[in-house]
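Novice: In case you want the letters, here they are:
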Amino acid sequence: MVADAIGGVRLWWRRHPGAATATGIAPALLVVGALFGAAILAAFSRSFGAMPDPLGAYRVVVADPEFRAAAAMTIAVAVTSTAMATVLGVAAALGALRLVRGRRTLLALFQANLAVPHVIGAIAMLNLLGQSGFVARIAGQAGLIDGPASFPALVHDPASVAVIAHYVWKEVPFVALVTLAILRAAGEGFDEAARTLGASRWQRLRSVTLPLVLPGVLPAALVVFAFTFGTFEVPLLLGRSYPAMLPVLAHKRFIAVDLAARPEAMAIAVIISVFVLFVVVLGAVTARRAIRRVAT
Amino acid sequence: MSSEAPVPGGWQPSRRWSLGAAVVVALLVLPFVPLLITSLGHAYFFPQLLPETWSARAWSRVLAADAATWPALRMSVAVALAVTAVSMAVAVPAGRVLATRRFPGRAGVELLLFAPTLVPAVAIGIGLHAVFVRLGLDGGVSGVVLAQLVPAAPYVILLVASVFANADLELEQQARSLGASWWRVQWHVTLPLVAPGLTVAALFGFLVSWGQYTLTLVIGGGRVVTLPILLFSVASGGDSSVTAATALFHATPAALALLLSAVVLGGRHAELGGAR
Numbered sequence: 001m002v003a004d005a006i007g008g009v010r011l012w013w014r015r016h017p018g019a020a021t022a023t024g025i026a027p028a029l030l031v032v033g034a035l036f037g038a039a040i041l042a043a044f045s046r047s048f049g050a051m052p053d054p055l056g057a058y059r060v061v062v063a064d065p066e067f068r069a070a071a072a073m074t075i076a077v078a079v080t081s082t083a084m085a086t087v088l089g090v091a092a093a094l095g096a097l098r099l100v101r102g103r104r105t106l107l108a109l110f111q112a113n114l115a116v117p118h119v120i121g122a123i124a125m126l127n128l129l130g131q132s133g134f135v136a137r138i139a140g141q142a143g144l145i146d147g148p149a150s151f152p153a154l155v156h157d158p159a160s161v162a163v164i165a166h167y168v169w170k171e172v173p174f175v176a177l178v179t180l181a182i183l184r185a186a187g188e189g190f191d192e193a194a195r196t197l198g199a200s201r202w203q204r205l206r207s208v209t210l211p212l213v214l215p216g217v218l219p220a221a222l223v224v225f226a227f228t229f230g231t232f233e234v235p236l237l238l239g240r241s242y243p244a245m246l247p248v249l250a251h252k253r254f255i256a257v258d259l260a261a262r263p264e265a266m267a268i269a270v271i272i273s274v275f276v277l278f279v280v281v282l283g284a285v286t287a288r289r290a291i292r293r294v295a296t
Numbered sequence: 297m298s299s300e301a302p303v304p305g306g307w308q309p310s311r312r313w314s315l316g317a318a319v320v321v322a323l324l325v326l327p328f329v330p331l332l333i334t335s336l337g338h339a340y341f342f343p344q345l346l347p348e349t350w351s352a353r354a355w356s357r358v359l360a361a362d363a364a365t366w367p368a369l370r371m372s373v374a375v376a377l378a379v380t381a382v383s384m385a386v387a388v389p390a391g392r393v394l395a396t397r398r399f400p401g402r403a404g405v406e407l408l409l410f411a412p413t414l415v416p417a418v419a420i421g422i423g424l425h426a427v428f429v430r431l432g433l434d435g436g437v438s439g440v441v442l443a444q445l446v447p448a449a450p451y452v453i454l455l456v457a458s459v460f461a462n463a464d465l466e467l468e469q470q471a472r473s474l475g476a477s478w479w480r481v482q483w484h485v486t487l488p489l490v491a492p493g494l495t496v497a498a499l500f501g502f503l504v505s506w507g508q509y510t511l512t513l514v515i516g517g518g519r520v521v522t523l524p525i526l527l528f529s530v531a532s533g534g535d536s537s538v539t540a541a542t543a544l545f546h547a548t549p550a551a552l553a554l555l556l557s558a559v560v561l562g563g564r565h566a567e568l569g570g571a572r
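Chains as they are written, first to last, in this note's numbering: chain A, 1 to 296; chain B, 297 to 572.
FYI, nobody ran anything at the bench for these hints, they're computed from the structure.
Positions of the beta carbon are idealized from the N, C-alpha and C atoms, including for glycine.
There may be inaccurate statements among the hints.
[Claimed, not checked] Which residues of chain B face chain A? A few of them, derived with a C-beta cut under 8 Å, are:
| hint | residue |
| --- | --- |
| 1 | Trp313 |
| 2 | Val321 |
| 3 | Ala374 |
| 4 | Val382 |
| 5 | Val415 |
| 6 | Ala419 |
| 7 | Leu442 |
| 8 | Ala547 |
| 9 | Ala550 |
The whole structure should be built from the sequences, with the hints applied where relevant.
Specialist: What follows is the structure in structure tokens.
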């Protein structure tokens, strides 16, 4: 009797694959979609309507010189970090493949690096690049500087050197691991063929290996951009306090004693979220088109 | 990555590459050197590279029985375990469906599951805070766990989906046609196929939560003290040795991941780094 019922349920299940699909996906969509959706909707609705003018918070934010300076600085840091991490990451992967010994050690280090929280990397950078940090001490030992004060400011500096250094250090292993996964999946057939046809080392790199890895590396670069644009704790520890980078600025407005700044915080949250999603989607579409054009 | 992986470019491996690799390894490890020295330094003045006297003072303070490290460690572990458990619970059915079925609206589902990993955590945090204040979830552990699911669950789902996509699920059909019951198939066929990958996915969920600072700060409001929150308050205290020791203590799982990946998995699980 019970066995019949279970059998019946199972038969219905098999005949309705759509129901099985929906049941499998629903919990994930509920958890991620509800929480993410609630966060975005709340930020949206709080950013409007706090003033008589619904767009008031946005007008204040966009006219704010600190926001403008922060936006320029954040984009510059994200673009620089992404470009450096992508180029160096691909180079590291291509180099790693040519190793006979030590490749495992290198891969293990790449993986371990991904497991290091941003906070720790940022504190390590303080000890490395600060004015009495390790690099400054080496410069002092070499007689290049007299004291900590004569070492160039690399932390809390206008050029955000320590912030960029941290991002490159953290994201190069990510790009390298993605590149290695692509190369492993592709095998060496194309390269062999090109070599048989007499292509030189650089011709093969330019016309075979790079086109092979690019379709996978570009999405990884977009993810790196989103991270370097949106991470909060790294510019908080290593960046300038005025103008602060956008995530830090959003938090500064959020915790301001003056509650009138709350809608501004929400407006900044909406602006940076929309901007990141816009850049990633636009980048993905453009990259796909470019790849298709090259491929045909 | 096995050691007989292809060599595109076909260049002969040479000492030059080993030298390059040594430089990369040195750069990867470099940031930890001053951290380690500082944590063990006593009277470490500019421009000394090594301190005049070494001392275990900072470490004995961080590891003292009554140190704030231990409650923070317990909180970090509890939050990370809860986040991992919920993530895995939703990821296993979803990952299997995403890996094996085509259905209308699939692209939309994937976009919705991927978008939270791209949106800045501070934006998610201050948006969720407004919602959680109304629900009475702000300032508590459950609110922090819920908030951390936003970045953690998508990664776990994507990883689990790739595990199922790479598993040879036709073996299930064969076992079924040989008369094994559904439960027997799950237990004896499916689980052994996907268990190593699911372990990696769970580890990843744990690590995402372990490193999460922003959401814990914004939702927890300073009342949920995990290790990253403790690290920030120690860092603002100004004792650089204690800060360095706390940071290294917090990095322990990364060191364990390194050991695990190098020794136990024999470096074969490059997939660990395939996603973040």
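Novice: Would you mind marking each hint as holding or not holding in the structure?
Specialist: The hints, checked one at a time:
no. : hint   : verdict
1   : Trp313 : 4 Å, holds
2   : Val321 : 6 Å, holds
3   : Ala374 : 17 Å, violated
4   : Val382 : 7 Å, holds
5   : Val415 : 5 Å, holds
6   : Ala419 : 4 Å, holds
7   : Leu442 : 6 Å, holds
8   : Ala547 : 5 Å, holds
9   : Ala550 : 4 Å, holds
Going down the numbered hints, you'll see the structure goes against just number 3.
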